[in-house]
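Asker: Here is how the chains run, residue by residue.
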Amino acid sequence: MSDTPAFAKPGDPPGTLRLSRPLVRTPFDAAGAERLAHIWETRPGWRGWFSTVDHKTIGLRYLVTSFLFLLLGGIEALVMRVQLAQPNATVLTPEQYNQLFTMHGITMIFLYASPVLSGFSNFLWPLVLGSRDMAFPRLNAFSYWVFLFAGIFLYASFPLGEAPNAGWFNYVPLSGLTYDVGPNIDVYSLGMVLLGISTTVGAVNFVVTLLRMRAPGMSIDRIPVLVWGTLTASGANLFAVPSVSLAFLMLWLDRRIGMHFFDVSGGSHALLWQHMFWIFAHPWVYVVVLPAMGIVSDALPVFCRRPLVGYGPVAISTVATMVVGFVVWIHHMFATGLPPLALSFFGAASMVISIPSAVATFAWIATIWTGRPVFRVPFLFFAGFVLLFVIGGVSGVMTAAVPLDWQLTDTYFVVAHLHYVLIGINVFPVVGGIYFWFPKFTGRMMSERLGRIAFWLMFVGFNLGFFPMHIAGLLGMPRRIYTYGADMGWTTVNLLTSIGSFIFALGIAVFIVDVLYSRKRGPIAGNNPWDAPTLEWTVPSPPPPYNFAVVPTIASRHPLWEGRMQGEHEEGTHEGPRSRLADGYLLDQGREALGTTALEASPYVILKMPEDSYAPFWLGLMAALFFAGLALRAWFFAGLALVLAGVAIIVWLWPERELIQREPTPVARS
Amino acid sequence: MEQPPRSMTGSSEHAWAGAARAQADAQAGTSQAPARMLPVGSAGERSSGWLGCLMLIATEGALFGYLLFTYLYLAVQTTRHWPPEGLPKLPLGAVNTLILLSSSGFVWLCERMVRRARVRAAVVSMTVAVLLGVVFVGIQLHEWHGHPYGPVDNLYGSLYFTITGFHLAHVLIGLIVLVLLGVWTALGYFDAKRYAALKIGGLYWHFVDVVWLFIFTTIYLTPYWIG
Amino acid sequence: MKTAPLEYLAHAAGPASLPTQRLEWALIALVCAVMIIVAALLVGALIRRRTGARADPSAIGAEAGGMPWIYVGTGLSSVALFAALVYVMVTLESVASPRVAPALQIDVTAYDWWWKIEYRDADDASRTFVTANEIHIPVGVPVQIKLRSADVIHTFWVPQLAGKTEMIPGQINEQWIQADTAGVYRGQCSQFCGAQHAHMAFEVVAQPPAQFDAWRRAQAHGAAPIGSSALPNAGKRLFDERCAGCHSVRGTDAAGMQAPDLTHLGSRRLIAAGQLPNTAANQLDWIQHAQRIKPDSMMPSIALSASEASALSAYLATLQ
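Chains as they are written, first to last, in the working numbering: chain A, 9 to 678; chain B, 11 to 237; chain C, 493 to 812.
Among these hints, one or two may not hold up.
Simulated coverage check for chain A against chain C, where a stretch passes if three residues somewhere in it have a Cβ under 8 angstroms from a Cβ of chain C [unchecked claim]: (1) 100 to 106; (2) 276 to 285; (3) 337 to 346.
In silico negatives: residues of chain C with every beta carbon more than 10 angstroms from chain A [claimed, not checked]: (4) 592; (5) 594; (6) 619; (7) 668; (8) 704; (9) 706; (10) 723; (11) 772; (12) 795.
No lab work stands behind these hints: they were computed from the structure.
Each residue gets a CB set at the ideal place from its N, CA and C atoms; glycine is no exception.
All chains, please: the whole structure from these sequences, using the hints.
Answerer: Following this line, the structure appears as structure tokens:
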């Protein structure tokens with residue numbers, strides 16, 4: 009039953025909210041854009057800074073914050089490499105070294121590797137999907153604030169010399185109260201539960217956005233591979249993060265409340281921790297690389313002047329890698345005394361998981377081979393990435409071989425492997441991705457000259473630093489040792505590694521200099537300086553707050569390359585599909601976006617998007633203070649923070665008329 | 011300092027050429043069919059909140075799954091008396107389960123009443139649901155009190171109180187949600203077309219009830235089967 | 493003289509490690525081939541000359557084309573992976589347990605940051621004894637090791653003889669080792685276990701059966717009487733006062749359980765869990781400066797006057 013006329017009547021009071029509206033196509037016009045800018049822009053000054061829900065701002069914040077953590081983690085690594093450059097060095101005490109390697113792992117794996125990809129995805133998703141914002145803008149802001157507070161929380165005890173010190177993997181009983189009495193592990197445990205909240209709500213946001221916020225016509229087989237990567241990672245996070253959050257909570261309950269979850273003498277099993285940790289942490293390693301692989305799959309073809317080879321297989325292989333990634337966690341536990349039959353299954357799965365990766369690798373090589381490479385800076389990073397990906401992948405195949413893993417595990421061979429996959433598959437695409445999308449973020453190009461210098465320093469330094477680690481592992485050097493004897497045969501490889509890591513750090517420094525310089529002085533970029541095919545390049549650089557003045561309709565994976573690709577004008581074939589970019593849906597009755605169906609992306613609801621709000625900041629702060637109260641065992645304070653958090657949630661979720669979550673203002677009946 | 015780079019093909023006009031052609035098409039061929047009517051805002055299962063709640067259920071479901079995995083992993087390998095005080099007593103737990111499930115029914119009824127514009131019946135139904143939930147909490151606390159061990163006394167106690175405690179926390183949050191829904195219903199916020207909050211809150215409550223079935227099975231019933 | 497005592501790629505001394513070494517070389521060859529092929533393809537793709545239509549700067553390639561790369565590449569990779577997997581499983585089967593029943597069982601318990609070694613004989617109490625940080629085995633027979641931990645998770649690893657196995661409190665893990673050549677094989681803890689994880693090493697000495705039996709008989713005896721000279725007796729009194737709380741010397745009153753058994757200290761090659769050669773000077777250095785050599789370890793630095801030092805040294809010299 010419809011109680012509203014099909015079209016708005018002239019007499020309707022301004023701001024009348026209708027329960028349904030016709031979806032009308034209009035061409036782009038400047039006045040409409042101006043009105044949209046006024047509707048969508050954030051207030052200037054500190055008010056806007058705390059209350060903005062603009063995904064582009066949030067995305068850039070994620071990028072900047074995660075890079076700060078990258079630098080922090082990198083400095084920790086460099087200090088360790090000074091200690092390890094020579095045998096029997098005394099630069100660091102054992103306790104200092106143990107805190108450094110623990111914090112290095114925590115920082116890089118949790119505070120850099122995934123948030124940096126969230127930064128890209130947050131900024132880019134609405135733009136590549138043809139949408140005005142993410143599905144939950146306030147939740148988006150909240151996830152950033154919690155990430156920031158969790159990062160600060162995890163570092164809170166570092167200045168006191170009490171940083172977490174039992175490794176990022178934090179095995180019990182070493183991390184239990186008996187062997188680790190200070191606040192170190194409490195900070196780690198509660199900080200991880202807090203961070204898990206950010207990761208989880210971020211994942212919810214990405215999945216729901218994908219399901220409904222795509223431009224009309226952007227069916228599931230037309231979305232960019234970056235979106236496939238982040239979507240897969242987000243789906244995985246929903247199922248994996250609870251395992252580690254629970255494990256850390258149980259550990260804290262053991263330590264400070266006196267429970268017995270990991271009490272071996274009370275009948276529990278030390279392996280319980282390892283299972284719960286690795287059931288999360290193995291999928292996590294795919295969370296931190298699949299979106300980065302998606303960056304390469306989307307951006308590399310631009311520099312090969314042709315679409316990606318095998319889009320379908322690459323998309324499927326992304327999902328397949330993640331799914332298989334849930335049944336391989338035991339390969340971190342091959343040496344724990346589990347029965348060989350169980351080990352065989354997980355070993356086989358761990359080798360099979362490289363097959364989808366082979367699909368992607370050959371897709372990239374084929375794209376370069378059949379394309380025409382343009383040797384700009386982003387392309388250098390993506391091409392280098394392919395080689396590092398393969399090296400990291402094959403060293404992983406070696407560690408998947410169960411009896412060989414009994415030699416390789418817990419040696420520097422694994423350290424080499426994990427750095428090839430993390431730096432090679434995450435950092436290189438990230439830096440290349442920043443060179444690629446910097447014009448869209450800021451409106452300026454980065455420097456080709458500095459970029460080349462940064463690339464070569466990074467590439468040479470990285471390989472010089474980390475390839476010798478394979479050798480160190482084969483020479484028997486165990487992990488996590490603060491020093492070694494001069495007669496162990498590890499001196500040369502360690503010296504090489506230390507030198508290489510400083511060269512790599514220099515490359516990163518050049519990159520940072522380029523970013524800072526180019527922000528102010530780089531050449532101005534137009535909408536599409538790379539002549540790339542996807543939607544983000546149709547809007548100005550940087551994009552206006554509303555992204556798209558009119559919501560476009562999509563007809564292919566490469567809207568800006570339609571009509572220009574070889575084979576589209578051959579005799580006998582009709583013209584290829586045409587996306588409609590210059591006209592579309594205006595949706596300017598307040599902050600609005602278009603909701604479309606999950607598979608075909610046909611419009612089915614007009615979404616009302618929320619205004620800027622302080623609630624995400626307050627809720628994030630209360631959540632952080634709650635955990636701080638627990639860490640300090642200030643129970644009343646923690647309870648108070650919890651109550652205030654509840655109030656913030658209720659205020660946030662209170663049904664609003666503007667969002668048509670409750671009955672709209674009645675229309676004057678005629 | 012640097013020259014802007016030569017663009018990749020020499021111009022980026024191609025994109026807009028295509029777009030301009032499309033625009034001409036649109037203007038030339040008038041839209042014969044009337045424009046589609048779309049609902050606006052939080053429209054029931056088309057609301058983002060509904061999908062968001064489904065995602066929340068997925069991740070919280072996983073959380074309870076891991077809790078129960080922990081319990082079963084330890085129960086299957088234990089060499090001690092498990093549970094320490096003997097097999098769990100079933101009658102009170104079973105009754106409590108029925109109470110919780112019936113409260114779900116009243117939440118569902120409230121939603122139906124709102125859709126039929128019978129606001130008072132809806133509020134009454136929600137109140138009954140909340141009261142049933144409160145009874146559940148009371149019985150659960152009574153059961154807690156009846157155990158000779160606490161969460162810090164032994165491994166079983168830690169597991170039992172943490173698992174049922176997690177669930178109880180979800181019930182308490184759910185009760186707050188139901189109370190708020192009842193208040194909003196009484197204030198006339200919802201009608202036949204706009205009741206997304208009721209659907210979403212109701213979904214959460216149904217989830218909490220279904221999870222209880224899994225917990226009840228694992229903690230109360232499996233000791234009889236594992237032996 | 494080995495250049496890298498823990499290296500296992502060029503040296504594998506028994507059937508628990510040799511099959512793995514062969515597998516390792518095979519996989520190294522495979523992965524090197526893969527890396528070279530991929531690098532060649534990549535470089536080829538980067539530098540090959542494009543002619544004709546392909547060279548037109550404004551042209552954008554078609555979406556179709558290139559799929560054979562994926563089919564062939566993935567197909568070949570899968571075949572190679574499957575072959576490798578079969579070889580892996582065969583190797584696993586051959587190293588997971590010995591062909592014949594182990595002739596000997598040794599119990600090793602890991603402590604922060606040393607190794608307690610127990611030889612038990614259910615039938616003959618005179619062959620049961622405790623020692624620390626140095627394991628002896630007869631050459632050419634499989635030896636079963638039962639692995640326990642007294643505190644946190646450690647890992648037992650003597651690479652040239654076998655792969656590694658974790659030592660987990662609350663459970664007993666097992667692995668086997670076998671040395672077909674006599675010699676000294678170094679091992680090191682390979683699971684991060686706290687402050688001195690870096691300095692928790694041990695040695696496995698493989699001896700011909702006759703020498704092994706002799707060693708075992710000698711170890712089973714308690715400490716020899718020290719006679720009546722003043723200096724060793726003064727040293728023994730000092731030992732009982734300052735050391736016996738943690739250390740044990742079988743056959744005397746010293747019965748400490750938290751630190752290595754020192755009954756036959758003199759028979760060992762190294763001290764401090766593989767850190768220092770076992771000389772009188774090093775023993776004194778360790779006793780007086782343990783916290784400098786192994787900071788945060790359980791052994792305190794014990795101040796000794798010159799006379800105390802020489803007395804203690806004389807006593808320790810009797811513990812052969």
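Asker: What are the numbers of the hints the structure violates, in ascending order?
Answerer: none
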